[in-house]
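Engineer: Listed below, chain by chain, are the residues.
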Amino acid sequence: MRILWRVLLAAGLPVALIAAWWFGSAGSTDFYWPSLSTIIDAFGRTWTWEMFQEQVLPSLWRLLAGYLLAVLLGVALGALIGLSRTVRDLLEPVLEFLRAFPPPVLVPAAILLAGIGDRTKILVIVFGCVWPVLLNTIEGVRARDEVLSDTCRTYRITGLLRLRHLVLRAASPQIVTGARQALPLAIILMVISEMMAANEGLGFTVLQFQRGFQIPEMWSGVLLLGLIGIVLSLLFRLAERSLLGWYHGQRAGQREF
Amino acid sequence: MLEVKNLHKVYDGHGRRVTAVGDLTFSVPEGQFACVVGPSGCGKTTLLRVLAGLLPATSGEVRVQDAPVTAPPPGLAVVFQEYGRSLFPWLRVRDNVELPLKAQGMARAERRKLAGDALAAVGLSDADGAYPWQLSGGMQQRVAIARAVAFAPKVLLMDEPFAAVDAQTRADLEDLVRSVWQRLGVTLLFVTHDIDEAVYLGQRVIVLSAAPTTVAEDLAVDLPADRDQLTTRSDPRFTELRSQVYARIRKVQAPASEGASA
Chain Y
1 MRILWRVLLA AGLPVALIAA WWFGSAGSTD FYWPSLSTII DAFGRTWTWE MFQEQVLPSL
61 WRLLAGYLLA VLLGVALGAL IGLSRTVRDL LEPVLEFLRA FPPPVLVPAA ILLAGIGDRT
121 KILVIVFGCV WPVLLNTIEG VRARDEVLSD TCRTYRITGL LRLRHLVLRA ASPQIVTGAR
181 QALPLAIILM VISEMMAANE GLGFTVLQFQ RGFQIPEMWS GVLLLGLIGI VLSLLFRLAE
241 RSLLGWYHGQ RAGQREF
Chain L
258 MLEVKNLHKV YDGHGRRVTA VGDLTFSVPE GQFACVVGPS GCGKTTLLRV LAGLLPATSG
318 EVRVQDAPVT APPPGLAVVF QEYGRSLFPW LRVRDNVELP LKAQGMARAE RRKLAGDALA
378 AVGLSDADGA YPWQLSGGMQ QRVAIARAVA FAPKVLLMDE PFAAVDAQTR ADLEDLVRSV
438 WQRLGVTLLF VTHDIDEAVY LGQRVIVLSA APTTVAEDLA VDLPADRDQL TTRSDPRFTE
498 LRSQVYARIR KVQAPASEGA SA
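Chains Y and L, in that order, are what the protein sequence lines are. Note that the first sequence covers residues 1 to 257 in my numbering. Note that the second sequence covers residues 258 to 519 in my numbering.
Just so you know, these hints were derived from the structure itself, not from any lab. For glycine and all other residues, C-beta sits at the position ideal for the given N, C-alpha and C. Please note that the accuracy of each hint is not assured.
What the hints assert, rightly or not - If you anchor each label on the Cβ, the simulated ranges turn out as follows:
#1 Y:Gly245 / L:Ser491: 23 to 31 angstroms
#2 Y:Arg88 / L:Arg342: 19 to 27 angstroms
#3 Y:Asp145 / L:Glu367: 53 to 61 angstroms
#4 L:Ala366 / Y:Arg119: 26 to 34 angstroms
#5 Y:Pro108 / L:Gly272: 13 to 21 angstroms
#6 L:Arg342 / Y:Ala11: 39 to 47 angstroms
#7 Y:Leu238 / L:Pro286: 54 to 62 angstroms
#8 L:Arg342 / Y:Leu238: 26 to 34 angstroms
#9 L:Arg342 / Y:Leu17: 40 to 48 angstroms
#10 L:Ala366 / Y:Leu17: 39 to 47 angstroms
#11 Y:Leu57 / L:Pro313: 42 to 50 angstroms
#12 Y:Gly245 / L:Glu318: 56 to 64 angstroms
Stated by the list, open to error - Derived contacts from chain L toward chain Y, CB cut-off under 7 angstroms, selection only:
#13 Phe283
#14 Leu311
#15 Ser343
#16 Ala360
#17 Trp390
Said to hold, decoys possible - Some chain Y residues judged to face chain L by a derived CB distance under 7 angstroms, without partners named:
#18 Ala143
#19 Arg144
#20 Asp145
#21 Asp150
#22 Thr151
#23 Thr154
#24 Tyr155
#25 Ile157
#26 Leu161
#27 Gln250
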């Protein structure tokens with residue numbers, strides 16, 4: 001009964017909004033605001049398996065490559081900075097400066113340096129997504145528990161074992177928070193970079209539809225981007241649940257007492 | 258064995274100098290169970306952290322197993338008061354006990370066996386697959402003790418390990434520590450603020466004065482080695498000893514409070 005209630009609560013608003021869109025736009029004659037049924041029609045016609053392979057898969061590949069690279073880089077650099085005062089003092093001013101750039105600004109420069117291929121887009125995604133991961137990792141690594149650190153020292157748990165079992169695990173709740181913030185950024189940067197410089201991909205395709213006045217097709221592309229976002233965040237939640245099971249369990253336990 | 262010679266520790270920071278340990282000298286021979294008691298804030302935890310090599314002394318010398326302590330010495334284990342924070346919440350009980358052994362490069366099968374034996378010794382064989390936060394406070398401290406037991410240290414330090422558990426659990430854990438000490442034959446330094454606990458557990462009670470800390474009294478506990486919560490605690494000799502320690506602590510506290518008001 002409670003599960004049913006929660007499902008109803010979670011699904012209630014989306015269903016209501018879609019219904020409002022459906023009925024509100026039904027019979028629309030506005031060229032730029034086609035009805036939802038027209039858009040869904042266009043969706044089925046546009047996003048065939050071939051189209052998916054040609055335009056969506058390259059985008060997804062760039063998205064994942066850029067995102068994963070950003071997480072990896074953010075965690076590695078964050079652990080280094082969080083562990084060492086010297087590295088922190090050395091890098092912090094430079095990082096503050098780099099962080100101030102809006103990532104899309106890099107696209108024109110990156111095109112000049114790396115062309116309009118995958119490399120440019122992945123670079124832009126990495127540059128935009130690395131910050132939340134990096135900053136959260138630094139915080140998490142620095143805030144590790146003193147007693148647990150002492151425990152590692154007395155039992156001589158050092159090196160890689162310490163990195164794996166103390167430093168990274170203790171920071172993992174913050175790392176996951178950073179990675180969660182970075183996910184929508186990755187999607188945004190993927191689309192932007194494809195709109196500015198590409199001859200294939202989702203962002204490129206949506207822009208082509210708009211320029212060709214294929215308005216329902218354009219909206220269907222927007223809808224597809226939204227769906228990709230939802231699927232990715234669901235996948236993220238699954239990964240989080242297996243990675244942070246201990247964290248949520250511990251917090252639930254503390255609330256009980 | 259443990260040696261503390263003219264240990265002096267000053268915390269210096271933010272323009273405030275706090276002398277935590279004044280001038281401390283004592284030694285604990287191999288295999289002895291020594292308890293350290295003292296009024297709160299007398300630098301018991303500081304002493305323990307210096308002994309464990311977690312904190313440098315300002316001056317004086319600390320030796321563990323005949324080697325001066327500059328970093329955490331090999332063959333020394335610590336059981337901390339904050340059991341909830343000294344266990345790895347992301348590791349199961351078994352893996353918590355095994356991790357120090359893994360750090361020594363011990364083979365998996367051997368680790369597993371030692372961890373299993375240690376958990377059995379503290380009565381937690383059934384809980385090896387649980388996470389620490391799924392256990393009660395007393396059980397978590399048992400896991401920390403099992404981890405120390407599996408590590409097979411030469412010297413074991415315990416920092417008010419039972420301060421945060423209820424009375425019944427505490428009595429059980431006290432008996433557990435006695436039996437672990439007898440089995441392992443370790444040199445054990447047990448820091449507590451509970452006088453009864455100190456007399457009940459130790460072969461010797463070292464009473465510290467209020468800060469700046471010195472040894473106020475060094476008392477041999479001549480109770481029989483076989484101790485029991487009921488009979489030992491009602492033994493007239495036990496009562497006598499605890500009164501002696503209590504009187505001593507009252508006395509060391511008094512001048513400090515006069516000094517504070519002056």
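Engineer: For every hint, state whether the structure bears it out.
Structural biologist: The hints, checked one at a time:
For Gly245 of chain Y and Ser491 of chain L, the hinted distance range of 23 to 31 angstroms is not satisfied, since their beta carbons lie about 48 angstroms from each other. The beta-carbon spacing between Arg88 of chain Y and Arg342 of chain L, approximately 25 angstroms, falls within the hinted interval of 19 to 27 angstroms. Hint check: Asp145 of chain Y to Glu367 of chain L, Cβ distance near 29 angstroms, so the stated range 53 to 61 angstroms is violated. The given range of 26 to 34 angstroms is broken by Ala366 of chain L and Arg119 of chain Y, whose C-beta atoms sit roughly 48 angstroms from each other.
Checked against the hint of 13 to 21 angstroms, the C-beta distance between Pro108 of chain Y and Gly272 of chain L comes to roughly 54 angstroms, which is inconsistent with it. Between Arg342 of chain L and Ala11 of chain Y the C-beta distance comes to about 41 angstroms, which sits within the given range of 39 to 47 angstroms. Distance hint check: the CB atoms of Leu238 of chain Y and Pro286 of chain L are about 58 angstroms apart, consistent with the given range 54 to 62 angstroms. Under the hint 26 to 34 angstroms, the C-beta atoms of Arg342 of chain L and Leu238 of chain Y, about 29 angstroms apart, fit the expected range.
Separation of Arg342 of chain L from Leu17 of chain Y is about 45 angstroms and conforms to the stated range, judged on CB atoms against 40 to 48 angstroms. At roughly 58 angstroms, the beta carbons of Ala366 of chain L and Leu17 of chain Y sit outside the given window of 39 to 47 angstroms. Look at Leu57 of chain Y against Pro313 of chain L: about 59 angstroms separates their beta carbons, and that is not inside 42 to 50 angstroms. Distance hint for Gly245 of chain Y and Glu318 of chain L: a CB-CB separation of about 47 angstroms, inconsistent with the stated range 56 to 64 angstroms.
A least Cβ separation of about 21 angstroms between Phe283 of chain L and chain Y goes past the 7 angstroms threshold, and the interface hint is therefore violated. The beta carbon of Leu311 of chain L is positioned within 7 angstroms of a beta carbon in chain Y (closest approach about 5 angstroms), and the interface hint is therefore held. Here the hint on Ser343 of chain L is kept, as its CB sits about 5 angstroms from the closest CB of chain Y, short of 7 angstroms. Because the closest C-beta pair between Ala360 of chain L and chain Y is about 4 angstroms apart, less than 7 angstroms, the hint holds.
At about 4 angstroms, the closest approach between the beta carbon of Trp390 of chain L and any beta carbon in chain Y falls short of 7 angstroms, and the interface hint on this residue holds. A hinted interface residue such as Ala143 of chain Y counts as satisfied when its beta carbon comes closer than 7 angstroms to some beta carbon of chain L; here the least separation is about 13 angstroms, so the hint is violated. Look at Arg144 of chain Y: its Cβ only gets to about 11 angstroms from chain L, farther than 7 angstroms, so that hint breaks. Because the smallest distance between the Cβ of Asp145 of chain Y and any Cβ of chain L comes to about 5 angstroms, under 7 angstroms, the interface hint for this residue holds.
At about 5 angstroms, the closest approach between the beta carbon of Asp150 of chain Y and any beta carbon in chain L falls short of 7 angstroms, and the interface hint on this residue holds. Interface hint status for Thr151 of chain Y: upheld, as the beta-carbon distance to the closest one in chain L is roughly 5 angstroms, under 7 angstroms. Hint status for Thr154 of chain Y relative to chain L: holds, with the closest Cβ pair at about 5 angstroms, below 7 angstroms. Because the smallest distance between the Cβ of Tyr155 of chain Y and any Cβ of chain L comes to about 4 angstroms, under 7 angstroms, the interface hint for this residue holds.
Evaluation of the Ile157 of chain Y hint against chain L yields a held restraint, the C-beta minimum of about 4 angstroms falling below 7 angstroms. Of the supplied interface hints, the one on Leu161 of chain Y holds, with its beta-carbon coming within about 5 angstroms of a beta-carbon of chain L, less than 7 angstroms. Because the smallest distance between the Cβ of Gln250 of chain Y and any Cβ of chain L comes to about 4 angstroms, under 7 angstroms, the interface hint for this residue holds.
Going through the hint list in order, the structure does not satisfy hints 1, 3, 4, 5, 10, 11, 12, 13, 18, 19.
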